[in-house]
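First to last, the protein sequences are chains Y and B. Residues in the first sequence are numbered consecutively from 1, following my numbering. Residues in the second sequence are numbered consecutively from 44, following my numbering.
Everything labelled a hint here was simulated from the structure, so no lab data went into it. Glycine included, each C-beta is placed from N, C-alpha and C at the ideal position. Don't take every hint at face value.
A partial selection of chain Y residues facing chain B, derived with a Cβ cut-off under 8 Å [as the list claims (entries may be wrong)]:
no.: 1; residue: Phe22
no.: 2; residue: Val23
no.: 3; residue: Ala42
Straight-line alpha carbon distances no greater than 35 Å define the calculated DSBU-like cross-link-like pairs of lysine-lysine that follow [to be verified]:
no.: 4; chain 1: B; residue 1: Lys294; chain 2: Y; residue 2: Lys32
no.: 5; chain 1: Y; residue 1: Lys32; chain 2: B; residue 2: Lys276
no.: 6; chain 1: Y; residue 1: Lys32; chain 2: B; residue 2: Lys97
no.: 7; chain 1: B; residue 1: Lys260; chain 2: B; residue 2: Lys297
no.: 8; chain 1: B; residue 1: Lys342; chain 2: Y; residue 2: Lys32
no.: 9; chain 1: Y; residue 1: Lys2; chain 2: B; residue 2: Lys155
no.: 10; chain 1: B; residue 1: Lys65; chain 2: Y; residue 2: Lys2
no.: 11; chain 1: Y; residue 1: Lys3; chain 2: B; residue 2: Lys260
no.: 12; chain 1: B; residue 1: Lys122; chain 2: Y; residue 2: Lys32
So the derived label-pair ranges between C-beta atoms look like this [said to hold, decoys possible]:
no.: 13; chain 1: B; residue 1: Phe48; chain 2: Y; residue 2: Leu28; range: 42 to 50 Å
no.: 14; chain 1: B; residue 1: Pro333; chain 2: Y; residue 2: Gln27; range: 24 to 32 Å
no.: 15; chain 1: B; residue 1: Arg403; chain 2: Y; residue 2: Leu28; range: 46 to 54 Å
no.: 16; chain 1: B; residue 1: Gly76; chain 2: Y; residue 2: Lys3; range: 13 to 21 Å
no.: 17; chain 1: B; residue 1: Leu68; chain 2: Y; residue 2: Gln27; range: 46 to 54 Å
no.: 18; chain 1: B; residue 1: Val86; chain 2: Y; residue 2: Val4; range: 30 to 38 Å
Here is how the chains run, residue by residue.
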Amino acid sequence: MKKVARLLGITLQAIVLGTLLFVAVGQLVALKTDARIFFYQAF
Amino acid sequence: MEDSFISHWHDFGRAFLDGATKPSLPALLGTLGVAISIFLLFVTLLTPDFLATKGYGYFFDGPTDNYAYLTSETLRISKTAKSPQKNIVLMGASNIKEAVHAKHLEQLLQDKTKQPIKVYNLTAGGLFLWEEICLLDKIRNRFRGIVVLQITPTRRLALDRDHLSKGGITRHSRLAMYCPKFDEEMHIAGVSKPQWIGNYFLDFYKFFVVRLPALLKNVVTGPVQWSPQQAHKWRPPTQKQWERSVNHLVKWQKTYHENRDTNFEVYRRLIRYLREDGIETAFLEAIRNPAAEDLIFAKPEVVKIYQEYKSDVIKFAQEMQIPYWDLAKFANFKSEDFIDTVHLKKDKARHRYTAVLATRITDMLSTQ
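Just chain Y, same shape as in the assembly (with noise of 0.2 Å):
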């Protein structure tokens, strides 16, 4: 049982983090090749 527990503990930190990682990554290669959302400023 203690095991299984583990494993739902370890399962919910390598999804959390693994999501986490993704959008870090994405955020990186954002900055990286100047890639931004465009807001429209009027002045």
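Guided by the hints, dock chain B onto chain Y, whose structure is given.
Below, chain B alone, put in the same frame as chain Y:
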């Protein structure tokens, strides 16, 4: 018995917390596995169809992310619009976006024509003519009706080629869609065509990666609704900003003569291309704050070149057999209707202008 049950769950919770919070090799491998899996999901499952349907609104970085909206909305029209029906596309930059209330226009047109006309709002601040070509190229297979196209010297007829390569059009993937006609126009303008590898996510990775934090938030909070009118939330310009804006509205005269012919040619190709599919075009002149007009037209040379511009557009519209509408005078705008030099902020003024536009569109529909 009860103590043993509590202790059992206590051990379970402790083991779960250990697994969830302590670094370990399985957690590290799992993290990498999840990140790679999400990447593969994006590469394999992210398609224009997905963005137009189930993914609609999830890539918007807030209600003012105009280009995410334009992308999703255009893809949605290209997938779902019913072609036999005559509809309207409103297309242009922030000026027309703030000046026309698309839903109100739709209601007025339905009331006047007694037909289920739809008005698609494809307007965005800073939209270029070449991007409009891209949007229209995308929807032309499913859309039939009238495209109301904003026309103005700034960012349209006086725009020089440098904007195509230096500006945001090619460098930043403001729109995430394949448009052969856009690529063709780029080629004509001497700008190297984008090299597509054929994978939607990888081809437009800049569009997507920059919106990943927004996607993460939207997965939790739900898809975002685009807000078409945004100017009423802007802060009024300072005196300096006002002067800069007026100067900007005068600046186009320097590049007008040099660029008008090439840009009229772009319009000519676009109008003919749309006509092949039974889509008619109408030019809608941009509006201006009367207080700004007094300053803009203070110099006789500006008045002269503006009159030349108007005469050029009228001549071109006659040649192409399309209407040219300059409707500001019919809406009785006052300076206080505007937030700055060209953007309406008051709903009443917007409704007046929309009503005038509805009348013109109805007349055009009745002659078709």
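Tested hints:
Contact between Phe22 of chain Y and chain B, as hinted, is supported at the beta carbon level, the nearest pair being about 4 Å apart and thus within 8 Å. Taking 8 Å as the C-beta cut-off, the interface hint given for Val23 of chain Y holds, the closest approach to chain B being about 5 Å. Evaluation of the Ala42 of chain Y hint against chain B yields a held restraint, the C-beta minimum of about 6 Å falling below 8 Å. For the suggested pair Lys294 of chain B and Lys32 of chain Y, the alpha carbons sit about 34 Å apart, so the restraint of at most 35 Å is met.
A threshold of 35 Å between alpha carbons decides the hint, and for Lys32 of chain Y with Lys276 of chain B the separation of about 32 Å falls inside it, so the pair holds. A threshold of 35 Å between alpha carbons decides the hint, and for Lys32 of chain Y with Lys97 of chain B the separation of about 30 Å falls inside it, so the pair holds. A C-alpha spacing of about 45 Å is found between Lys260 of chain B and Lys297 of chain B, which places the hinted pair above 35 Å, so the restraint is violated. With a C-alpha separation of about 46 Å, the suggested pairing of Lys342 of chain B with Lys32 of chain Y is violated against the 35 Å cut-off.
With a CA separation close to 71 Å, the supplied pair Lys2 of chain Y and Lys155 of chain B exceeds the 35 Å bound. The suggested pairing of Lys65 of chain B with Lys2 of chain Y holds, with an alpha-carbon distance near 15 Å, which does not exceed 35 Å. Between the alpha carbons of Lys3 of chain Y and Lys260 of chain B the distance comes to roughly 32 Å, so the proposed pair stays at or under 35 Å and holds. At most 35 Å may separate the alpha-carbon atoms for a hinted pair to count; Lys122 of chain B and Lys32 of chain Y meet this at roughly 34 Å.
At roughly 48 Å, the beta carbons of Phe48 of chain B and Leu28 of chain Y sit within the given window of 42 to 50 Å. For the hinted restraint 24 to 32 Å between Pro333 of chain B and Gln27 of chain Y, the CB-CB distance of approximately 45 Å leaves it violated. Against the hinted window of 46 to 54 Å, the Cβ-Cβ separation of Arg403 of chain B and Leu28 of chain Y comes to about 50 Å, which satisfies the hint. Separated by about 19 Å at the C-beta atoms, Gly76 of chain B and Lys3 of chain Y satisfy the suggested range of 13 to 21 Å.
Leu68 of chain B and Gln27 of chain Y have their C-beta atoms about 26 Å apart, which leaves the hinted 46 to 54 Å range violated. Distance hint check: the CB atoms of Val86 of chain B and Val4 of chain Y are about 33 Å apart, consistent with the given range 30 to 38 Å.
Going down the numbered hints, you'll see the structure goes against 7, 8, 9, 14 and 17, while the others check out.
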